[in-house]
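Student: So you can see what is in the structure, the chains are spelled out below.
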Amino acid sequence: MKCLRVLWHRFAGMLSKDRLERDLEDELAFHLQMETAALIRRGMPPEEARFSALRRFGGIARTKETYRETGGFPMIEVFWQDVRFAFRMLRRNPGFSLLAILCLTLGIGANATVFSWIEGILLRPFPLVDNQERMMAITGTSRGVPGHTDVSRPDYQDFARDCTAFDAFIVDRITGITLSVGDRAERAPASIVSSNYFDALGVHPILGRGFEPAEDVGRNAHPVTVISYKVWRERYRGDPGIIGKAQMLNGVPHTIIGVAPEDFHGTFVGWAMQFWLPLSMQELFDPGGYKLEDRGARWIEGFVRLKPGVSHQQAQSEISAVAKQLEDAYPATNRGRGIQLYPLWQTPFNKAGTLLPTLRLSLAVAIAVLLIACANVSNLLLLRSFRRRHEMTVRLAIGSTRRRVFAQLLTEGSILAAFAAAGGLALAYTCRNLFVLLLPARSGVSMYLPGELDWRVLALSTGVCAVSTLLFALVPAIQASDIDLAGAMRAESGGVVGGGRRALVRSILVQVQVALSFLLLVGTGLLMRSLRAVEATNPGFSTANVLATTIDFAAAGHNRDRTRNFQELLIERLQSLAGVQSAAFTGLAPFTVRSYQSASITVEGYEAPPDQQITVDFVGVGPSYFATMGIPLVEGRAFAHTDTNTAPPVAIINEVMASQYWKGLDPVGRRFQAKGQWLQVVGIARMSKYENLTEIPRPFYYTPLLQTGGGSGLEVRTALPPETLTKALRSEIQRLDSSLILGEVITMREQVGRTTAVQRTALAMLALFGGLALLLAAIGLYGVMSYTVSQRMREFGLRMALGADTADLLRGVIRHGLTLTAAGILLGIVITMVLTKLVANLLYHVSPRDPFTFGAAGVVMAIASLAACLVPAWRASRTDPVRALRS
Amino acid sequence: MPPDKPDVLHGSLVLMVLRTLDSMGPQHGWGIARRIEQTSGDVLELNQGSLYPALLRLEQLGWIASKWGTSENNRRARFYSITRAGKKQLASETENWERISGIISRFLRPGGASS
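Heads up: the protein sequence lines correspond to chains A and B, in order.
Here the first sequence is numbered in my numbering, starting from 587 and rising by one per residue.
Here the second sequence is numbered in my numbering, starting from 577 and rising by one per residue.
This is chain A alone, in the form it adopts within the complex (with noise of 0.2 Å):
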């Protein structure tokens, strides 16, 4: 009550200062008349009355001011003093603020930038979703095989029913449809959702509803589907009479039950969902047949939400003891099976998990910016300092505080902070979806990676702000307000300032400027030379001259027997076009987004370890397929036409799987059992690689698909350059049968070009900022080369007089630029041996201590700032002796 009264008294105070102070004025003339007036009246003499009137009182300055430190909010008032004198001080040096604004905006504009991509894309990564913070995803383990595998939906079933840590257990599994619009026809991509989906997400349907309980269950039963609004808007214009319209899908006509809330673009982090359809028509949309009541078919990709106040261990511990009893209830399809739950930002069936390094990466680098960016003004402000120490000293010998000196350093640096705060966010609000553009483009596919500009994200920039506004202009208000006042008078007039500790101090933030630019460089130069290692690594099949595309059978409703047929007759037509060399059909093709069916076999005479089930990958490829592709078998044949259904079940195999399960024996004409079936091996294939160049030799066998049937992979060997080819390819297949549509036509070397995105990415990303730094970091050199050279003009002049010459001058100047950059390379150096773990992961066949990288980024270090030093090493040089000793 007292408090608030007396802050308003005060507050009131402030607003009326100019009665207040005309108050005091009259009050405290009276009071001297008064007493004046008494000390006559005793007998004091006029004169004498007056001055001893003065002395009893005691200062009246002083009293005005502590009488207004009372009567108002002295802080404040002095604040607004400084920022006033600072925008003043800010607009009277336009190049030195507009330069120091640049280089903070860019770098708080990359923290920012950076925040939001990683709170869009990691951390709350689906827009409209609740309890995002309470999300997992789920994804299971086979023991003794490193990455993760899919759940299936007997097992999900039972987590959802004997875990009792989760609020939902959620399927979404993405999958790509056609969908025919009159007679064209459009490939989409589409998520098949639990019915929970909607509702347990917290996302209402704008028109319709969600899926119901019961369209989970019955073989293709329930032909219904979500559409996104984009699709809503866009496809159907916004029809409000949309609920209960048809829609062909993958040849099906779908009944339209609702459309999802505009910003909802489902849960795969990357793509934006256009279409939701439920499990019940799993069969129809993923390829391999019916699994939902199929325990060993593992294709389930999804989501848990835990209750509130459970923690990550304690889910993943009661998940796992399930995941133990499924085993011991079910060994045949469950042995070595386990469950694995991530947090949504290391989610490793979508974008998050594989553009989570980059990201980080993308931090690191920021801040890296950032503190060059921060040591960068810190350099300019003490530069300026030095130019402004007349003022300080002037300002400290009538009276100022330190303190007040200081105050009035940092404001100035706080004002500069928060024009570049203001451009900084900005500027991420511009690039906060730009993260997409890093990513090469993929025709058919909408990828969407929108960053985030919440409160927290604002919040954390704004404490970046802060931060590096302490961090820069600390250090020079520091020095500044410590000027030693009788030095500094004496020094005025001339002669050595400014030497010392200060010099130290910029000689410092510049190697520190320098250190984090060859970091930079260092990381950029690892991931060039990763990037090349990677492409200069054989896949094991010809990526020239050949050609792959896609037909989906299963859109156009062909049964196994017509598409057999079509691709018997594609084949020979191709073959017979001239150029071409050999093509065939496969299940998928290498190096694709999909990932190859898994099986888990026995090997006849290998015995597995007890706990475990050997699982290998595998695809069926057409008669000529290893000679399309160029992969030589290194033993046996190839398959012929004549391996169909009516002849015995055969296989090739690769060579680690037969050095890995055959040890030593010639595996051909032995067997192995795959999906309850004896193979029996024909050949063996040389080692090639299947998703990406950097993984690892694995085994993996090959099925002639004129047994095991399907096959929508084309690939088409050809001696001419293979786009002259995508036109007759595209008229061959329309004239065999026009209700069949062509995927993308891409070379293999587009294809595989394409796995290295996310190196490229990261690569983009370093050379982006990493030429940043190298240019801030020249800058900063530059202003401490020149400010030197400008103080040293006296003793240039003198040296010069006694009988240098100009080459000893410029000698000079270069020396101790390089001498500074060498400094801060070998700190650099130090900085780098510990960091370039951040890209380990991302290096391939490079070490993160390649010595070549580190001795290419110390030389182009060291030719930016020879470029740095040039200029004031040449100013040096023209040094007048008589005009620099006169001044």
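The set of hints was computed from the structure by calculation and includes no laboratory data.
Incorrect hints may appear among the rest.
In silico lysine to any residue, SDA-like type, Cα no more than 20 Å apart, as pairs [said to hold, decoys possible]:
id, chain 1, residue 1, chain 2, residue 2
1, A, Lys603, B, Arg633
2, B, Lys663, A, Val592
3, A, Lys893, A, Tyr928
4, A, Lys650, B, Pro629
5, A, Lys816, A, Ile828
6, A, Lys910, B, Arg633
7, A, Lys650, B, Ser642
8, A, Lys603, B, Ser642
9, B, Lys664, B, Arg610
10, A, Lys650, A, Leu688
11, A, Lys603, B, Ala641
12, B, Lys643, A, Thr1333
13, A, Lys1249, A, Ala1213
14, A, Lys893, A, Glu611
15, A, Lys603, B, Leu637
16, A, Lys1313, A, Gln1167
17, A, Lys650, B, Glu674
18, A, Lys603, B, Pro629
19, B, Lys664, B, Asp598
20, A, Lys650, B, Phe655
21, A, Lys650, A, Phe637
22, B, Lys643, A, Glu607
23, B, Lys664, A, Ile828
24, B, Lys643, A, Pro1283
25, B, Lys643, A, Arg608
26, A, Lys910, A, Gly895
27, B, Lys643, A, Gln900
28, B, Lys643, A, Lys877
29, B, Lys663, B, Glu674
30, B, Lys643, A, Ile828
31, B, Lys643, A, Arg1146
32, A, Lys877, A, Arg1146
33, A, Lys650, B, Asp598
34, A, Lys1313, A, Leu1326
35, A, Lys1313, A, Pro1283
36, B, Lys643, A, Trp1460
37, B, Lys643, A, Gln1167
38, B, Lys643, A, Tyr928
Dock chain B against the given chain A, drawing on the hints supplied.
Tutor: Positioned in the frame of chain A, the structure of chain B alone reads:
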């Protein structure tokens, strides 16, 4: 805002101002200063300048009020008077003061602190 630390001199100045206004009715700043000096038998030479910030502070606390008026020699002057809250404060501070001075004087009696 926490009350000022019990500074004996400052505290006693507050007490003296309140007591002066309570016994003499509305007074201007010079009058208060004069009265304090007279009461102390001119022994206590007040630093008169420090009186005005103290008056402002007391007014902010609501213990005294001020009004512009005309002085005995027909000049514009600011007159201070004690408020109801001020009287309450005076009573409690007087009591406080007496208690403390009682304790101090007991200490200062011969053998006071050793018993």
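Student: Does each hint hold? Answer for all of them.
Tutor: Hint by hint, here is what the structure shows:
1. As the CA atoms of Lys603 of chain A and Arg633 of chain B are separated by approximately 16 Å, the hinted pair is consistent with the 20 Å bound.
2. Restraint check for Lys663 of chain B and Val592 of chain A: the C-alpha separation of about 18 Å stays at or below 20 Å, so the hint holds.
3. Proximity of Lys893 of chain A to Tyr928 of chain A is assessed by CA-CA distance (about 16 Å); at most 20 Å being required, the pair is judged to hold.
4. For the hint linking Lys650 of chain A to Pro629 of chain B, the alpha-carbon distance of about 8 Å falls within 20 Å, and the restraint holds.
5. Taking the CA atoms of Lys816 of chain A and Ile828 of chain A, the gap is near 13 Å; set against the 20 Å cutoff, the hint holds.
6. Taking the CA atoms of Lys910 of chain A and Arg633 of chain B, the gap is about 76 Å. The hint is violated against a cut of 20 Å.
7. For the proposed pair Lys650 of chain A and Ser642 of chain B, the alpha carbon gap of about 18 Å is at most 20 Å, so the pair holds.
8. Taken as a hint, the Lys603 of chain A and Ser642 of chain B pair is honoured in the structure, with Cα atoms around 17 Å apart against an allowance of 20 Å.
9. For the hint pairing Lys664 of chain B with Arg610 of chain B, the CA-to-CA distance comes to about 24 Å; that exceeds 20 Å, so the pair is violated.
10. Distance hint between Lys650 of chain A and Leu688 of chain A is unfulfilled; the C-alpha atoms sit about 44 Å from each other, more than 20 Å.
11. With a CA separation close to 19 Å, the supplied pair Lys603 of chain A and Ala641 of chain B stays within the 20 Å bound.
12. A distance of roughly 95 Å separates the Cα atoms of Lys643 of chain B and Thr1333 of chain A; the hinted pair therefore is violated under the 20 Å criterion.
13. A threshold of 20 Å between alpha carbons decides the hint, and for Lys1249 of chain A with Ala1213 of chain A the separation of about 27 Å lies outside it, so the pair is violated.
14. Taken as a hint, the Lys893 of chain A and Glu611 of chain A pair is broken in the structure, with Cα atoms around 70 Å apart against an allowance of 20 Å.
15. The hinted pair formed by Lys603 of chain A and Leu637 of chain B meets the criterion: a straight-line CA distance of about 19 Å does not exceed 20 Å.
16. Taking the CA atoms of Lys1313 of chain A and Gln1167 of chain A, the gap is about 17 Å. The hint holds against a cut of 20 Å.
17. With a C-alpha separation of about 34 Å, the suggested pairing of Lys650 of chain A with Glu674 of chain B is violated against the 20 Å cut-off.
18. With a C-alpha separation of about 15 Å, the suggested pair Lys603 of chain A and Pro629 of chain B falls inside the 20 Å cut-off, and the hint holds.
19. Proposed proximity of Lys664 of chain B and Asp598 of chain B is supported: the alpha carbons are some 11 Å apart, at most 20 Å.
20. As the CA atoms of Lys650 of chain A and Phe655 of chain B are separated by approximately 19 Å, the hinted pair is consistent with the 20 Å bound.
21. Restraint check: the Cα-Cα separation between Lys650 of chain A and Phe637 of chain A comes to about 19 Å, which is no more than 20 Å; the hinted pair holds.
22. For the suggested pair Lys643 of chain B and Glu607 of chain A, the alpha carbons sit about 16 Å apart, so the restraint of at most 20 Å is met.
23. For the given pair, Lys664 of chain B sits about 79 Å from Ile828 of chain A by alpha-carbon distance, which is inconsistent with the 20 Å threshold.
24. This hinted pair does not check out: Lys643 of chain B and Pro1283 of chain A have alpha carbons roughly 96 Å apart, beyond 20 Å.
25. In summary, the hint linking Lys643 of chain B to Arg608 of chain A is supported, as the alpha carbons are separated by about 15 Å, within the 20 Å threshold.
26. Only pairs whose Cα atoms come within 20 Å are accepted, and Lys910 of chain A paired with Gly895 of chain A is rejected, the gap being roughly 24 Å.
27. At roughly 72 Å between alpha-carbon atoms, Lys643 of chain B and Gln900 of chain A are farther apart than 20 Å, so this suggested pair is violated.
28. A distance of roughly 93 Å separates the Cα atoms of Lys643 of chain B and Lys877 of chain A; the hinted pair therefore is violated under the 20 Å criterion.
29. For the given pair, Lys663 of chain B sits about 16 Å from Glu674 of chain B by alpha-carbon distance, which is consistent with the 20 Å threshold.
30. Pair hint Lys643 of chain B plus Ile828 of chain A does not hold up; C-alpha atoms about 78 Å apart against a cutoff of 20 Å.
31. Proximity of Lys643 of chain B to Arg1146 of chain A is assessed by CA-CA distance (about 105 Å); at most 20 Å being required, the pair is judged violated.
32. Of the pairs offered as hints, the one joining Lys877 of chain A and Arg1146 of chain A holds, with about 18 Å between alpha carbons and a cut-off of 20 Å not exceeded.
33. Between Lys650 of chain A and Asp598 of chain B, the direct Cα distance comes to roughly 27 Å. Violation of the 20 Å bound is thereby established for this hinted pair.
34. This hinted pair checks out: Lys1313 of chain A and Leu1326 of chain A have alpha carbons roughly 15 Å apart, not beyond 20 Å.
35. Between Lys1313 of chain A and Pro1283 of chain A the alpha-carbon distance is near 36 Å, which puts this suggested pair outside the 20 Å criterion.
36. Only pairs whose Cα atoms come within 20 Å are accepted, and Lys643 of chain B paired with Trp1460 of chain A is rejected, the gap being roughly 74 Å.
37. Of the supplied pair hints, the one linking Lys643 of chain B and Gln1167 of chain A is violated, its CA atoms being roughly 110 Å apart against a limit of 20 Å.
38. With a CA separation close to 74 Å, the supplied pair Lys643 of chain B and Tyr928 of chain A exceeds the 20 Å bound.
Hint violations for this structure: numbers 6, 9, 10, 12, 13, 14, 17, 23, 24, 26, 27, 28, 30, 31, 33, 35, 36, 37, 38, all remaining hints satisfied.
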